[in-house]
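Undergrad: Construct all of the structure, not just a fragment, from the sequences and the given hints.
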Amino acid sequence: MSSYRDQHSDLPAQPVPLHKGRGAASWIAHRFARDAREAFDDGWADPAVNAAGAEGDDGEAATALRTQLEWEQCKSALSRHDSPDLPFHLGLNPYRGCEHGCIYCYARPTHSYLGYSPGLDFETRLVAKANLPEVLGAELSRPRHVAAPVMLGSVTDCYQPIERDVGLTRRTIEVLAAARHPFSIVTKGSGIERDLDLLVPLARQNLVAVYVTLTTLQPDLARRLEPRAAAPHRRLRTVRALAEAGVPVGVSLAPQIPFLNDDLEQVLAAAQAAGARQAFYAVLRLPWELAPLFEEWLRLHYPDRAQRVLERVRDLHGISEEGRAEGKVYQSQFGQRMKGTGAWADMLAQRFSLACRKLGLNRERVQLDCSQYHPSLLGGQQSLF
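Residue numbers (this note's numbering): 54 to 438.
Treat the hints loosely; a few may be bogus.
Said to hold, decoys possible - In silico SDA-like links for lysine to any residue, alpha-carbon gap of 25 Å or less:
1) K128 with K73
2) K411 with A294
3) K392 with A402
4) K73 with L270
5) K381 with L401
6) K128 with E227
7) K392 with S424
What the hints assert, rightly or not - Okay, the calculated beta carbon distance ranges per label pair:
8) R416 with K73: 21 to 31 Å
9) R257 with D357: 46 to 56 Å
10) D357 with Q121: 27 to 37 Å
11) D357 with Q425: 53 to 63 Å
For the record, the hints were derived by calculation from the structure and aren't laboratory data.
Glycine included, C-beta positions come from ideal geometry on N, C-alpha and C.
TA: Take a look at the structure:
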């Protein structure tokens, strides 16, 4: 059976030096690249060299990469989704790329459209949409716009670290609030607490809900999976802060990765104790360049269980024997890609359902109010375009 390592020559044969605070280990070529890179072993990954304590040879002396921020003028703000797998049809993302550096992020391949690597570029070369609030105001003011809940942070985290300085997410929320347009937020960032002054009044009007992604309670695993996201205990504090302020809050347990974050019941219990009332999950998805990136990370950090993890991921996605022989680990069919298929997917669904039922989660659905939407409340923003 061939693996992605067999098929992708840009995966090094020896472990590569890690970059401090980053998820990906390499600048894997994007799928539109005309040129390919081939790994070259210069001896620095040799265990004997590592034992000598050479600078940059292990995680302790890992090199640090600087985050770069670029600005762009966007032509549109709202993205429309017609996937039956998603509970929303409108998405909104102030940033391209994400400094959290989650190795499993399904959005990594979107960096290929910029000509950047879905690997380290995705978490170090970020793009901010400078005019997003103004473009959003214009779109919400169009006569043909029909109010429906918007998912803020549907692709990349809107409260990633650069938001503290840039403030695009806050300005975007101000536009949505001015129009009384309903929206949800999904985030791993504790920075959302900064904007409670905006979110609390909106919650009272049933115009906002928040979902905090909580993949595991294990700090060591979280640090490797999501190196620049808030620690698990800090995210639980965010859940509590939102709940105590009266903001409807739930948790996302996505993705579920076999043999890694198997503490689903404990995560749900901790989230419920902190005030979460809703929960959902999804299985690990590995589209495009994400498959070799994740396998590289897995073999670097968990070499003893890497093959077991990959085989179970194949089981969850119903990969045929022929597909396994070709190294496939993912199928993108609607109705299957989020929750998986087969016996292992059924067992995961049963565990989740049973835990939620015991904890009283998901007893009521959050229904945001679309009737309050009024574009005239935006004032002169619609005249900008």
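Undergrad: Under the constraints set out in the numbered hints, which ones does this structure not fulfil?
TA: 1, 7 and 8
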